[in-house]
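Protein chains: 2
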Amino acid sequence: MNVFILGPAGSGKSLLSGSFASYLAGEGYRVKLVNLDPGVLELPYKADFDVRTRFTVEGIMREKGLGPNGAILEAMERLARVSLPRLDADYVLYDTPGQLEPFLFRDAGRRIVGSLKDCCCLFLGDLSAPRRNLLGFYLYALTARYTLEAETLAVLNKVDLLNREETEMVRRLMENPAFLLEASASLQDEMNLEVLKVLRSFFPPQRIPLVSAKTGVGFDELLTLLFEVKCTCGDLT
Amino acid sequence: MNVFILGPAGSGKSLLSGSFASYLAGEGYRVKLVNLDPGVLELPYKADFDVRTRFTVEGIMREKGLGPNGAILEAMERLARVSLPRLDADYVLYDTPGQLEPFLFRDAGRRIVGSLKDCCCLFLGDLSAPRRNLLGFYLYALTARYTLEAETLAVLNKVDLLNREETEMVRRLMENPAFLLEASASLQDEMNLEVLKVLRSFFPPQRIPLVSAKTGVGFDELLTLLFEVKCTCGDLT
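So the protein sequences, as listed, match chains A and B.
Counting the first sequence from 1 gives a position; the numbering used here is that position plus 172.
Counting the second sequence from 1 gives a position; the numbering used here is that position plus 172.
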């Protein structure tokens, strides 16, 4: 199975890629790791294929005299044309660019995901962010799902940084639809309700694991969800 | 009115900021321009306030030895703390960071938009992108709307790069709900229909102008929509 680790910058994609790979290996699976982020300086794991062997954002900045914005766009154009090695494994984990946006909107993401069979995306949110913005997290996950046209699981990361009370509060927020309305009291209520219904049908609260890439909390639950996706897709061969 | 020009990298935010400002000035309004992108190298307009006088992404890369990913996040932390000058004008146009994602998910966006009254966001999509990804465009616009909690108009830019046939095709796609279903035949149909309903209630096709930041096509329509937002918000004083 090809598993893409997606999420906004700072959501912990690289750390989760490495630690979830170790967890899967510990469970007896053959695992490979692919780094698709040409802008990262250091990785917390050893990649089996690393796109930085082809190009880096900093290299493009120097080579073309571009600023960071322009170089990231150019890097995404190049990423869309990279031919990835076929890796033999039970799970291939793909760590994706630091910022998800250009991966989605410059077409590299869809080309790469679309070229592989048996794909699933994990969309990470950052529980430790000053304002958790769960609504934005769900909607951005939906953006990724429809852009990449692949099954997408919403995953909330960094639960290790919350104390027990905060964790309970997050669980209550996820289970009680009212959180969306409260979060956006300034917007029109009827529309909020419709948005809420859509988001809950895609991301039911019981299917959003709270995990920690640092401690491995929630990885069992995550693996169970990956099994379910495999079943739903009919790939249980 | 404070107008934030949002959109993914490459959607034409800076060009539209400059050319729409000129258009508004030509219509007799007092206009000011603010650049909030610390990563841009050159701007096609003269800013009345430019965040790069405080810091730049490249400066942070050098200063802190960070890669582009880390420097962009650090720049967003700093942006969240910048105190913007109060500018006296009928319209203040805010050109936003090259990539929208960290502006939304690192809280700088909400802090800045939340600190101002009488705000409206224009969310730009790129009609010339190899794959137009209208679904992703709508969903990302909705992400911005709920994160920033501000009225958001969806605007499709670069219509000058389409020929007449392509323009007609885009209009038909926007008006015919089936486009969403066709675009994602691989995903579950029932859910698609629900998503579609939500998106159409937020962004009805007749309220999405096709504009050109380059030629000024569609600017009259855009200004009319801004008037409507002003009326709805009750700020027609």
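Hints listed in this document are in silico derivations from the structure and should not be mistaken for laboratory results.
Note that the structure is a prediction, hence the values are computed from the model and not measured.
Hints are not guaranteed to be accurate.
[To be verified] Estimated spans, in silico, between C-beta atoms of each pair:
| hint | chain 1 | residue 1 | chain 2 | residue 2 | range |
| --- | --- | --- | --- | --- | --- |
| 1 | A | Arg226 | B | Arg250 | 30 to 38 Å |
| 2 | A | Thr225 | B | Glu214 | 27 to 35 Å |
| 3 | A | Ala197 | B | Gly388 | 22 to 30 Å |
| 4 | A | Gly198 | B | Glu214 | 48 to 56 Å |
| 5 | B | Thr396 | A | Thr225 | 31 to 39 Å |
| 6 | B | Pro302 | A | Arg226 | 16 to 24 Å |
| 7 | B | Tyr201 | A | Cys403 | 43 to 51 Å |
| 8 | B | Glu199 | A | Cys403 | 57 to 65 Å |
| 9 | A | Arg234 | B | Met341 | 34 to 42 Å |
[What the hints assert, rightly or not] Calculated pairs, DSBU-like style, for lysine-lysine (alpha carbon to alpha carbon, straight line, at most 35 Å):
| hint | chain 1 | residue 1 | chain 2 | residue 2 |
| --- | --- | --- | --- | --- |
| 10 | A | Lys402 | A | Lys289 |
| 11 | A | Lys369 | B | Lys402 |
| 12 | B | Lys386 | A | Lys236 |
For each residue, glycine too, the CB sits at the ideal point set by N, CA and C.
Going down the list of hints, with the structure as the test:
1. A/Arg226 with B/Arg250: 30 to 38 Å: holds, 32 Å
2. A/Thr225 with B/Glu214: 27 to 35 Å: Holds, since A/Thr225 and B/Glu214 (Cβ atoms, about 31 Å apart) stay within the stated range.
3. A/Ala197 with B/Gly388: 22 to 30 Å: violated, 58 Å
4. A/Gly198 with B/Glu214: 48 to 56 Å: Check passed, 51 Å falls within 48 to 56 Å.
5. B/Thr396 with A/Thr225: 31 to 39 Å: violated, 52 Å
6. B/Pro302 with A/Arg226: 16 to 24 Å: Because 21 Å falls inside the window, the suggested range holds.
7. B/Tyr201 with A/Cys403: 43 to 51 Å: Roughly 59 Å apart at Cβ, these two residues miss the hinted range, so it is violated.
8. B/Glu199 with A/Cys403: 57 to 65 Å: The hint (57 to 65 Å, Cβ to Cβ) holds, given that B/Glu199 and A/Cys403 are roughly 59 Å apart.
9. A/Arg234 with B/Met341: 34 to 42 Å: holds, 41 Å
10. A/Lys402 with A/Lys289: holds, 11 Å
11. A/Lys369 with B/Lys402: Roughly 29 Å between the alpha carbons, so the hint for A/Lys369 and B/Lys402 holds.
12. B/Lys386 with A/Lys236: holds, 25 Å
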